[in-house]
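Engineer: The lines below spell out each chain.
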Amino acid sequence: MKKNFLLITSLAWTTYFLNADWRGFRGTQNNGLSKGEISATLSQTSEDSWKVPLPGRGLSSPIVVGDLVFVTASSGSQQSRLHVLAYETVNGNKVWERIFRATGRTICHNKTCVAASTMVSDGNVVVAQFSSNDIFCLDLKGNLIWLRGLTFDYPNIANGLGMSSSPVIAQGVLVSQVENDADSFTFGLNLKNGTTLWKKDRPRGANWTSPVVLKNKSFDWVGLQSKEGISFLKPVNGEFMWQYKDGASTIPSSAISFENKTLLVPSNGLTALRTPEYGQNPEQLWRNNKLAPGTGSPAISGNQVFVINRANVLTSASIKTGEINWRLRIKGPISGSPIVTANLLFIFNEEGLCQIIDIKEESEAKVLKEIDLKDTILCTPAADKGSIFIRSDKTLWKLSKKNNL
Amino acid sequence: MIKYLFLLLFCILMHPVFCNDDLFEAIIKIGPKGSGNENLVKQWSSVEKMSSADIPSFFYVMNQANDLGDNWIRAAIFEILEKSGSDSLPKEEIIKFIKDYNNEGSSRRSAFDFLSSAVPQIAESLIPTFIDDPEPSLRREGVQLLLNQAGDLENEQQAIEAFEYALGKARDVDQIEYTCTELKGLGKPIDLAQKMGFLTEWKVIGPFDNTSRNGFSIPYSPENILDSINKKHEGKNGPVAWQNFSTSDRLGLLDLNQHFGHIKEVLCYAYAEFDSMQDQMVQFRIGSKNAWKLWVNDELIFARDEYHRGATRVDQFILDGNLRKGKNRILVKVCQNEQTESWTKQWEFCFRITDFSGTNLQSLN
Numbered sequence: 447m448k449k450n451f452l453l454i455t456s457l458a459w460t461t462y463f464l465n466a467d468w469r470g471f472r473g474t475q476n477n478g479l480s481k482g483e484i485s486a487t488l489s490q491t492s493e494d495s496w497k498v499p500l501p502g503r504g505l506s507s508p509i510v511v512g513d514l515v516f517v518t519a520s521s522g523s524q525q526s527r528l529h530v531l532a533y534e535t536v537n538g539n540k541v542w543e544r545i546f547r548a549t550g551r552t553i554c555h556n557k558t559c560v561a562a563s564t565m566v567s568d569g570n571v572v573v574a575q576f577s578s579n580d581i582f583c584l585d586l587k588g589n590l591i592w593l594r595g596l597t598f599d600y601p602n603i604a605n606g607l608g609m610s611s612s613p614v615i616a617q618g619v620l621v622s623q624v625e626n627d628a629d630s631f632t633f634g635l636n637l638k639n640g641t642t643l644w645k646k647d648r649p650r651g652a653n654w655t656s657p658v659v660l661k662n663k664s665f666d667w668v669g670l671q672s673k674e675g676i677s678f679l680k681p682v683n684g685e686f687m688w689q690y691k692d693g694a695s696t697i698p699s700s701a702i703s704f705e706n707k708t709l710l711v712p713s714n715g716l717t718a719l720r721t722p723e724y725g726q727n728p729e730q731l732w733r734n735n736k737l738a739p740g741t742g743s744p745a746i747s748g749n750q751v752f753v754i755n756r757a758n759v760l761t762s763a764s765i766k767t768g769e770i771n772w773r774l775r776i777k778g779p780i781s782g783s784p785i786v787t788a789n790l791l792f793i794f795n796e797e798g799l800c801q802i803i804d805i806k807e808e809s810e811a812k813v814l815k816e817i818d819l820k821d822t823i824l825c826t827p828a829a830d831k832g833s834i835f836i837r838s839d840k841t842l843w844k845l846s847k848k849n850n851l
Numbered sequence: 010m011i012k013y014l015f016l017l018l019f020c021i022l023m024h025p026v027f028c029n030d031d032l033f034e035a036i037i038k039i040g041p042k043g044s045g046n047e048n049l050v051k052q053w054s055s056v057e058k059m060s061s062a063d064i065p066s067f068f069y070v071m072n073q074a075n076d077l078g079d080n081w082i083r084a085a086i087f088e089i090l091e092k093s094g095s096d097s098l099p100k101e102e103i104i105k106f107i108k109d110y111n112n113e114g115s116s117r118r119s120a121f122d123f124l125s126s127a128v129p130q131i132a133e134s135l136i137p138t139f140i141d142d143p144e145p146s147l148r149r150e151g152v153q154l155l156l157n158q159a160g161d162l163e164n165e166q167q168a169i170e171a172f173e174y175a176l177g178k179a180r181d182v183d184q185i186e187y188t189c190t191e192l193k194g195l196g197k198p199i200d201l202a203q204k205m206g207f208l209t210e211w212k213v214i215g216p217f218d219n220t221s222r223n224g225f226s227i228p229y230s231p232e233n234i235l236d237s238i239n240k241k242h243e244g245k246n247g248p249v250a251w252q253n254f255s256t257s258d259r260l261g262l263l264d265l266n267q268h269f270g271h272i273k274e275v276l277c278y279a280y281a282e283f284d285s286m287q288d289q290m291v292q293f294r295i296g297s298k299n300a301w302k303l304w305v306n307d308e309l310i311f312a313r314d315e316y317h318r319g320a321t322r323v324d325q326f327i328l329d330g331n332l333r334k335g336k337n338r339i340l341v342k343v344c345q346n347e348q349t350e351s352w353t354k355q356w357e358f359c360f361r362i363t364d365f366s367g368t369n370l371q372s373l374n
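If you're matching them up, the sequences are chains L and X in order. Counting in my numbering, the first sequence runs from 447 upward without gaps. Counting in my numbering, the second sequence runs from 10 upward without gaps.
FYI, nobody ran anything at the bench for these hints, they're computed from the structure. For each residue, glycine too, the CB sits at the ideal point set by N, CA and C. There may be inaccurate statements among the hints.
Simulated restraints on C-beta separations [claimed, not checked]:
(1) L/E797 - X/K197: 37 to 45 Å
(2) L/N735 - X/D264: 52 to 60 Å
(3) L/D585 - X/D288: 43 to 51 Å
(4) X/E101 - L/E797: 49 to 57 Å
(5) L/D513 - X/S226: 49 to 57 Å
(6) X/K92 - L/V759: 30 to 38 Å
(7) L/D804 - X/I327: 46 to 54 Å
Use the sequences and the hints to build the structure in full.
Structural biologist: Structure (structure tokens):
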């Protein structure tokens, strides 16, 4: 029996590695970790690299499913044209584009835009959510499965600065956080047809954080962060399982360690919680007020958690103890979140400079290389099969390693 | 036997039509909060059987659908065109549809978008005809063309005339502002507030208490406007009365700090009367970075409990409603919160009324 369990677990992880993709904000695990290694020799001019023009505006991250990279954009004088686009990962050829009209409010702060939330996929469908709170679920060929307009339904779901929470998928349910000063809700929508499975009243207050999915042996729980803390619920019925109520940031989101044992919450700096078993409460492992992230969310690799503060200082700390390993001032300003492999960290600043940082030593770090895209980059990159995908308003890039290296 | 064969043939031939009817009905029935989604998802497979010849029918269905249904239809047309090729778009029928003002503006706009993708030159040739279009987004295209042409003119007098002509057609705030700036540069300043029809003359009363933002939901006595206007009321710091307040701001902004001073955790009411020449459906257009409520003829039109999330913008909220022939009572509640940061000082709003094309309406009084 034990042998079978090990075999099943092993197969599950193998399947996960083979189908790594990059299926949501900060990857499939929502913690910025790329399973495969990415070379530090990434270059705009390598044979496999490409760039393609994008319409309108957008700061949502690309996602990758199979051989396609997906991204959203918004265009028009009111940004009311909502684009969902699919490109071939191999060459950047556009496979399809769908354009819808916003049914909710499109006014945003000038720095952000209506295409701010990152898409999510379960491998079979992709879901795009916009600041207007329009949600579109399409198959990988671009055929519409269903759509919803949450501000059409509840006209006070809106944020004058714009909304940017990226939805997640767990157990056939799309979990969408649409939380702000006025009407503030989180929805569980049936991934098959978009009907509402549950709707939760949430703390009132602007909230740009994204949910995280805690995968356990027999269940998935979805964590909803807000100014009050973080609450985990069952995606199938919205029942709350446990809550941490000591406050949390409303901009950077939480991250879950690879083994799903530790939850890192941007709360009072950074707070580590041991993720509880069914029916138990979380246990605080440590708290470090010197690890407060700025705009970007923490990333996790091995035993290290990485945060970038408002002063553009990248810090590595131990996931087990919260003790700081090293600090490195990098070139800012930075809006996006870092992504990491076992050995490298990649971060783009707002001026389009990609900084590739060696993180394999827990005692020190150094910048190995910089790539200047010479464009405003506000998003978090996606990674797949050794390449990185990144977008500005006007361009989507694939950066691959230099040939013959 | 022949009769049954005929019936069978009829059913086979007519099957797609009935399929379409079921699909169209499901689209029209799409409602808020996911209502109708389950049925429409079931019906959606019939899109696969449809051809580009069905596209005009979709646009006519769009006339009856809500904004959600419109997006379902856009998805269907994309799917059909991907299968049939964008060349297969029935252009003549689409152009006829766009030109017919009896069709809904949003439907005509969608038809124009698909035409633009398929045959951009033909679509562009329609743009000059949009300058008086009742659909604001189409009209905008026509006005932009006028502005581009005016900007290219080297003769100053011709440029003034061209910009003045464009200004008469423009309805979008940014185009109006741009045109006024150009005309000002050419020595022809425009009264922007008057041009856009802001209500600039109000009566205001306050301050009332808004500690902990609780005043937003407290119905202070001025909310009963019929019984309120000639009385004194108990305010936050003692009795208060309605007073005249007007603005000369270029965008009609009423800076309530000017009247009440820079105070926090307070709210006030602003009241105006609008004399309409007829019963009519209109759009109430309000801008405010403060929490606010709007009543017209004692009916709550909308309430927004949000503070200082971005700047006040003209036409920030566009709300459909009705005016009666004669005097209409407009009451706005504007709240200020406790925040002390420099970007939270503003306590303000602007307000105007337009028709559905964005043309401003002026009160007869």
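Engineer: Now look at each hint and say whether the structure bears it out.
Structural biologist: Right, here's what the structure says about each hint:
1. L/E797 - X/K197: 37 to 45 Å: Holds, since L/E797 and X/K197 (Cβ atoms, about 41 Å apart) stay within the stated range.
2. L/N735 - X/D264: 52 to 60 Å: 41 Å, violated
3. L/D585 - X/D288: 43 to 51 Å: 48 Å, holds
4. X/E101 - L/E797: 49 to 57 Å: Distance hint for X/E101, L/E797 holds at roughly 50 Å.
5. L/D513 - X/S226: 49 to 57 Å: 53 Å, holds
6. X/K92 - L/V759: 30 to 38 Å: 53 Å, violated
7. L/D804 - X/I327: 46 to 54 Å: 53 Å, holds
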